[in-house]
Each structure stands twice: as C-alpha cells, then as structure tokens.
Amino acid sequence: MSDSYSCIHWHAQFKHLKPWTDVATKGLSEDSRARVLEEITAHFEDAIEAGMRRCLSEEEAARRAVEDLGSAWRAQLAFRRTYLTRLQASTLGHLVETPLRSAPVYCLVALSLIAQILYLDAHPHATAKAVRLALLGVVVLSGLIRTVAVPRIFRQGRRRAAVVLGGTSEFLLWTCFIISGRSPVERHLWVVAFFVLIMGLGYIPLAIKIERQHLEELLEKRDHPKE
Amino acid sequence: MNLKGTLPVLILQVLSEGDKYGYAIAQEITRRSRGVLDFKEGSLYPALHAQEKKGLIQSFDRTADGRHRRYYRLTDRGKEALAAQRTEWRRLSTAITEILAPA
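Protein chains in written order, with my numbering: chain E, 1 to 227; chain X, 1 to 103.
Chain X on its own, in the form it takes in the complex (with noise of 0.2 Å):
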C-alpha cells in the first residue's frame, strides 16, 4: 500500500522514541508495517533532509560499534508538529473506519 506523504510524520514518530540513523529508521518503519506499506528507502533520505531543512530534525555525527553514523534526533519544533499530525492523522483515521463501516 502506498500512502504518498506519510513518511515524514512516520520519521518523527520514529525519531521520537530515540536518535536513530537511517538505515534503522528504515527497519524502524518496515518492521512495524509489518510489509503492508510500500516504502522504498531511497527515498527516506530525501525526506529526512527535507525534514531537516524544515528544523524538524536535527542531524549529528557519531561513532558507534566501529562505523561513523549520521544521526536524526526530534527537535522541539519537530515534536510540536508530531503532535499537530498525529491529532490530524486520528481525525482522518477516525472519518475513513466510519465512512468504510457497514451501514
């Protein structure tokens, strides 16, 4: 399934629960749609830097178990809009099951 333009709230989401760098959000994001999502991680990274051009998120270098990594942290701006999509993403969710129910 392809849901054009929720990747960046699903990278905040991510990136809520601890700095990441971008090959684990990607397992991140495909572990827990669980394959039902159709997501190439080419394209993760344009989204991240976009978010990170927007001050969502913040990137920072670190060294761990040997490899030079980029890490994403969740800014406070990025929080606040996580927030804000995830309020309108469950008023989306909320008329969709209601409109798809059997009358």
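Here chain E stands alone, though its shape is the one from the complex (with noise of 0.2 Å):
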C-alpha cells in the first residue's frame, strides 16, 4: 500500500467517516469501540476502492460510502444492545478488579450506625437499636460479599451471578444508610429510588450482557475445542 493511497484513504475517511463513527460509537468502551471502529474503516476502504473501480471520483466513493452505512444513530443504539457501554465497563471494572476501592463506603456507613448505637445506648430506644444493629449486620455483610466474594465469584466463571449479587450488596448498603436515618415514607420512597438506580438502570442490563458473553466463551470452546 503506497503512502499517497494512505494519505488518499485517511483524508476521506476525516471528512467522510468520521462523523458517522463518532455518533454511531458514542458511549460505548474503549474496547468496543476499538473493534467497531476497526471492522467499519475496513468496510469503508472496501467501499471507497469499489467506488473507485466503478470510475467514481474518490471524493464521490467516500460520500456513497457513509450513505450506504445508513444512520448512525440507528447504529448507535443497535451497538449499544449488543457492547458494554463506558459506564458498565467501569462499573465491571469497580466490582471485579478494584472491589477494594469500595471498602471505604462500606466502613463509613458502619460507622456512622455504631455511632448511632452508641448515641441512643444512652436512651430507652430498645428497638430502634435493634433496628440498627441488624442494619449493622446487613452493611458488614454485604461489604464482605462486595469486596471478597464478588470477584471470587466472577473468577469462577458465573458472571450474571457476580454483577447481580455485587448490585444487591450496593442496594442494600444505601438502603440501610437511607434506613437509619429518615421517616417511614421518606425510607420507602428512597428504597424504591435506589432500587430503580442502582439495580433498574445499572447492574440488571449489565449482567443480561454478561451472561451473554459468559455464553459466547463456552460455545467457543465447544465449537473449537484445540483453539
């Protein structure tokens, strides 16, 4: 390949594909979007020298190339079904590889109900103290499965069953800090909230993905069992 076609190739795609790329990637990891980004140069260039075979201008071939690519906005949302986006790659990334980062949290909201423990032992607040004890248990707990057990489970290969259970740990955590703290409706109204949040918009859709890429591993090697 000649320097002049290079430079021929990377000005038309600038111009042309740059664009449509831009919408149809954003949002998605840095991973997915290098792959996208890898296959759609190819078919442009692919498009562009058939355009050219075709006796069109390399101007006209790159035009007609984006066309034929259709919106990128359609594109957008079909790769966005199928790749994690920037926000659950991080989010993976948080619960698998850095569930340390996470402890901090954790031992603040404990803290801040031993505190609140220690305050009403002062008090004839029997229950209220129960209340946060067993909340104190529930925050301690779902620490040590989002910081220790998580990652492990994820190692072993049951992916949807981490994401999930790293969510419910997050929900519970906020729900027993929410819990300490407010009136009954307020409680019920920010446990819901945090439901939606945490759970609705963050670690479901993450781990549907997941276990599809769980799927796609153990089909390849039964598909290609020497590779």
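Honestly, the hints are just simulated from the structure, not real lab data.
Treat the hints loosely; a few may be bogus.
Partner residues are not named here, just some residues of chain X that face chain E (Cβ under 10 Å, in silico) [as the list claims (entries may be wrong)]:
id : residue
1  : Gln27
2  : Gly42
3  : Leu44
4  : Glu52
Keep in mind it's a predicted model, so treat the numbers as computed, not measured.
Every residue gets a Cβ at the ideal spot worked out from N, C-alpha and C, and that includes glycine.
Now that you have both chains on their own, put them together as the hints suggest.
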C-alpha cells in the first residue's frame, strides 16, 4: 500500500467517516469502540475502492460509502444493545478488578450506624437500637460480599451471579444508610428510588450482557476445543 | 422492501457458504437480493456482533492481499439455528403465498 493511497484514504476517513463513527460509537467502552472502528474503517476502505473501480472520484466514492452505511443513530442503538457502554465497563471494573475501593464507603456507613447505636444506648430506644444493630449486620455482610465474594464468583465464571450479587450488596448498603435516618414514608421512597437507579438502570442490564459473553465463551470452547 | 428482523438469518446463510468479512457479506446480500431489500450496511456490524455474542458465529483475524480483516465463520450452534430458521421461513413464506394467491 503506497503512502499516497494511505493519505487519500486518511483524508476521506476524516472528512466523511469520522462524523458517522463519532455518533455510532458514542458511549461505548474503549475496547468495544476500537473493535467497531477497526471493522467500519476496513469496510469504508473496501467501499471506496469498489466505487473508484466503478470510475467514481475518491470524494464521491467516500460520500456514497457513508451513505450506504445508513443511520449512525440507529447503529449506535444497536451497538449499545450488544456491547458494554463506558459506564457498564467502569462498573464492571470496580466490581471485579478494584473491589477494595468500595470498602471505605461500607466502613463509613458501618461507623455511622455504630455511632447511632452508641448514642441510642444512653436512651430508652431498645427497638431502634435493635434495628440499627440489624442494619449494621447487613452492611458488614454486604461489604464482605462486595469486596471478597463477588470477585471470586466472577472469576469462577458465574458472571451474571457476580454482577447481580454486587448490585444487591450496593443496593443494601444505601438502603441501610437511608433507613437508619429517615421518616418511614421517606424510607420507602428512597428504597424504591435506589432500587430503580442501582439495579434497574445499572446492574441488571450489565448482568444480561455479561451472561451473553459467558455463553459465547462456553460455545467457543465447545465448537473449537483445540483453540 | 424492509424485512425487519431478517438480517441475522441472511448473515447465517451467507456464512454457511464460507468464511467472509463484513464488506463481502454486505456485497453478497445486496447482490443476491438484487436491490429489492432495503439494506443499510451500517446495520450489518451490530447484527454480526449480536450473532457472535449469541455464539452463532465466530470472528477471527486474517490477512489477505496485504489487508488485515476480521472474518466470520458459522459455528455448529449457528448451523443448527440456520436450519431451524430456514424451516420456519419456508412455513411462513408458503402461508403468505397461499393467502396472496387469487382465490
């Protein structure tokens, strides 16, 4: 491939293809974005060459190649359904690669509950104290699940279970924090809000995608055992 | 004509005849449909990646004619899925043809 050839294609890519790929890959994780760009760029170059063989100018061939790709917004929606988004990749990284980073948050909530228990000790609030003791137990348990159990379960290959468990432990943490210091009505609203935010928007979509990747690996091994 | 949801089975069919890269798959579908299907090439890659995630096809790198490309091949699971979808399509096609036939 000559330098002039590369230069022509680079110019065409920058002018015609980049606006399309900027939209189509928006929000995808870096790995996913790189993979998509690699394939779309190769496709674009093939399309330009085919166009130039049909006696189109390089400019016209590039314009038509992008036109043939169709809506970048539609492609973006489809890619987001298949690949991890930047936020999901980051959540997964925190969950599996740096689980101890979340430990200080669990410790802070546990300390605030301990402080409340010690404060309540001086007053006749037996029920409230028992509730906070139970909440403290839940926070400690979910902290252990989040920092110790989840990475292990993930490494064992049970990815969906690990993600759902990680999300549940985070949900329980914030639920305990809210329950310990709000009125009953506020508590219910906050619990629902946290469930929707943490599980509904964060961990459950991630768990669905993770399981697909897990299946893919299993099938790969089954179809090509020597690889 | 926009036959929504048919792209995955078209991809499986094209790959059942040999390993191919994205552009070649797109060209083959366009050539065979003779321009009847409203097929946008950008929708090919999300569909390919979705099929790959489901384990129906598998990708691998290959360099040919000095060009580095990602090729796709059909897996055993993909062959089974294609056979099932062909049967389903024939049933549907027969039913629609019978309905549209003049009485």
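These are the hints, each one checked on the structure:
no.	hint	in the structure
1	Gln27	holds (8 Å)
2	Gly42	holds (4 Å)
3	Leu44	holds (8 Å)
4	Glu52	holds (7 Å)
This entry satisfies every hint, going by the numbered hints stated previously.
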